[in-house]
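Student: Read off the chains here:
Number of protein chains: 2
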Amino acid sequence: MSVVINIDRLMGRIFELGKIGALAGGGCKRLALTPEDAAGRALVTDWFHALGLEVHRDVIGNTWAIRPDSTGRTDGAPVVMGSHIDTVGTGGLYDGVLGVLGGLEVIESLNDAGIETERPIAVAFFTNEEGARFAPDMMGSGVIQGQLDLDEMLATIGIDGITVGAALDAIGARGNEPVGALAPAAYLELHIEQGPVLEAEGLAIGVVTGVQGISWTEFVIEGASAHAGTTPMTMRRDAGMVAAAIALEARAIARDFGPPQVATVGRMEFAPDLVNVVPERATLTVDLRHTDETVLQQAQARLFARAEELAAQEHCTLARRRLARFEPVNFDPDLVEQVAQSATRLNLSYRRMPSGAGHDAQMFAPNCPSGMIFVPSRDGISHNITEFTAPEQIVPGVTLLAEVALARAGYAQNQG
Amino acid sequence: MSVVINIDRLMGRIFELGKIGALAGGGCKRLALTPEDAAGRALVTDWFHALGLEVHRDVIGNTWAIRPDSTGRTDGAPVVMGSHIDTVGTGGLYDGVLGVLGGLEVIESLNDAGIETERPIAVAFFTNEEGARFAPDMMGSGVIQGQLDLDEMLATIGIDGITVGAALDAIGARGNEPVGALAPAAYLELHIEQGPVLEAEGLAIGVVTGVQGISWTEFVIEGASAHAGTTPMTMRRDAGMVAAAIALEARAIARDFGPPQVATVGRMEFAPDLVNVVPERATLTVDLRHTDETVLQQAQARLFARAEELAAQEHCTLARRRLARFEPVNFDPDLVEQVAQSATRLNLSYRRMPSGAGHDAQMFAPNCPSGMIFVPSRDGISHNITEFTAPEQIVPGVTLLAEVALARAGYAQNQG
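Line by line, the protein sequences give chains H and P. Just so we're aligned, residue 1 is where the first sequence starts under the numbering used here, counting upward by one. Just so we're aligned, residue 1 is where the second sequence starts under the numbering used here, counting upward by one.
Quick caveat, the hints were computed from the structure, so don't treat them as lab data. Hints are supplied without guarantee of correctness; some may be wrong.
The calculated EDC-like cross-link candidates involving lysine to aspartate or glutamate, where the alpha carbons are at most 20 Å apart (straight line), are [said to hold, decoys possible]:
{"no.": "1", "chain 1": "P", "residue 1": "K19", "chain 2": "P", "residue 2": "D46"}
{"no.": "2", "chain 1": "P", "residue 1": "K29", "chain 2": "H", "residue 2": "D273"}
{"no.": "3", "chain 1": "P", "residue 1": "K29", "chain 2": "P", "residue 2": "E16"}
{"no.": "4", "chain 1": "H", "residue 1": "K29", "chain 2": "P", "residue 2": "D273"}
{"no.": "5", "chain 1": "P", "residue 1": "K29", "chain 2": "P", "residue 2": "D160"}
{"no.": "6", "chain 1": "H", "residue 1": "K19", "chain 2": "H", "residue 2": "D8"}
Using the sequences and the hints given, assemble the complete structure.
Tutor: Rendered as structure tokens:
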């Protein structure tokens, strides 16, 4: 048997959640632990309660809702379907949200069909997956899976100068459940691809084999401010010029190493940031990603070495800070195989592929069988208000999620 | 005879004005038409009144105070000593202020000595010389000398989104005198060099022969925001990379053209400015300066052409906006000669030199004999809280200013 999901109900919830923090022209902005995020959490939690699920919240705001097993118990290790509901500053309606509301739809569809399972099934959303306000990203899942330190993360200061702990309390999102309270029997995450591959190849499903490694570095260059007209070029210590040169070096690294190496300079800031003053300080971030840890380390080493050289040439000082670092992750081969076979059984076209983006699933991978399902992103666009996946592209993903979740949770033979 | 100035009185005023908008570590921030600027204007205007001078303020907030001629009249064309009291965001105590308070000291010294003149002598400060909040710089003097349009300038929007007109009214700095009300017989400006030349050569005075040409351009590059991990490098339209490349091109232009060509990228901004998002928009400014208009035009042409190429290579759009453009200015040869001869007469070591920075004096140059006097800047540093010129370096400058002003105003023979 396979579960029949209600796409209209699911789309209705996606659009209703999308109204919170909505941006002109579409998309939305719900940076982690802001009032917008708080409103989103409240709405989704209300939906959890409406289905009579047992809702839990832990010390860093991760929230999950458990559907009991066929004996009515909720204390067994659950099959968890999860993702996140926070967004970047120019986010879309589907990134993260699809995995959470898709999981909720799976549970409601099981209820509608009167299907019970041998294990509990849970749906969850994790705090600050995007890392747009607080670095590193995947913070909530990283903490409860033992890959990030709770106290260190609570003390992390965001781009607006507020700590995670203070932000949690400001919106009342800090729960009581301790780190480790959520221990899944298996973890499944449905997500939009956020890349152009599936659309380009006309495929319905991406069976995700793993996640590429990520290296986020912030560079702060200190020089000397000086008058733009009277200071000879030879006497300058221009922090901005060093920052610009490091940005172009990052691009050169991606070019020289070739795919799948990518490099991105997303943030750049000059101080005092005035037209006629040589910048005394410049700050920039470099995001490096590769599926091979060895290559990623080589890219990082070249970037750090060249940055030092470029700063020295301009007689500037360079400070380097690691914002995030994740090694490439391989998902459980059996679970990956099960997702592929289920896709075949449902007659869904698919390909195996690594994820180009970081996801909460990679935090669970070391501790329990974990896997991901991708559906296409129009034009490969994400982290943008034009992010879009059509309802008819969502149906196969949620149906496959239900199929795999049901298989992992165990169809209870003694159905009422 | 030569005028004896009171350096303690002058330094006292410089330090008192410096307390307004004072920054930790020294220096101050009095951006044009802010509450800090308003407080500075009020203090200096009180000093004008305290000397019984006739105070005037025009429609863009320029303020001047007239000392009557020997017949008690103030309607004759005055010899004007002026500069500005606004600062950049990380300004010092002397840039601009020295020319205004130095002029005030000259007038009080003439009073103390009972010296009367055939022409009135005036001291003035002009609105928004720095251009740090509103572009272009030298706005107040530019408007009243017919080089900038009043209505256009009043409608100019600052970095904080407020127009010049609104800012004037917000601090009550808009006066009644029309454009052109101030028509000097001669214009004299005492200023710190803001460069390293005089100190390096151990000279007391810079006899300024003119001002180098200035070209300020703002570039806005539009690309497409995209996910930093899943978007192949070949599919990116990264506005930030174009901005970084334009910044390095500006540096290359200064290198290839050689001194006195200078190029500065003082402002740089990315949007959305997030670690894991390819920037969809980048804004930067380029400040080009040269003493030769022909060369400056060549530098500008190369910058504009390369910027277009760099944007096209990344499939981004480029918008260019002129923030300021001034041709090189030559000061009145007779006045320059008179400053040099007066320096010789006072046994002051000096050299003739162009100004590397823009000054209000260049706005007056086309309409009346205008000239400038430089005193050394420690380490050539300006637009920085460590900007410094010692009292013993200021005395020669103010004494020379008095000498030249008195010669131009005409020593009245019928003294008391």
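Student: Which earlier hints turn out false for this structure, listed by number in ascending order?
Tutor: The structure conflicts with no hint, since it agrees with every one listed earlier.
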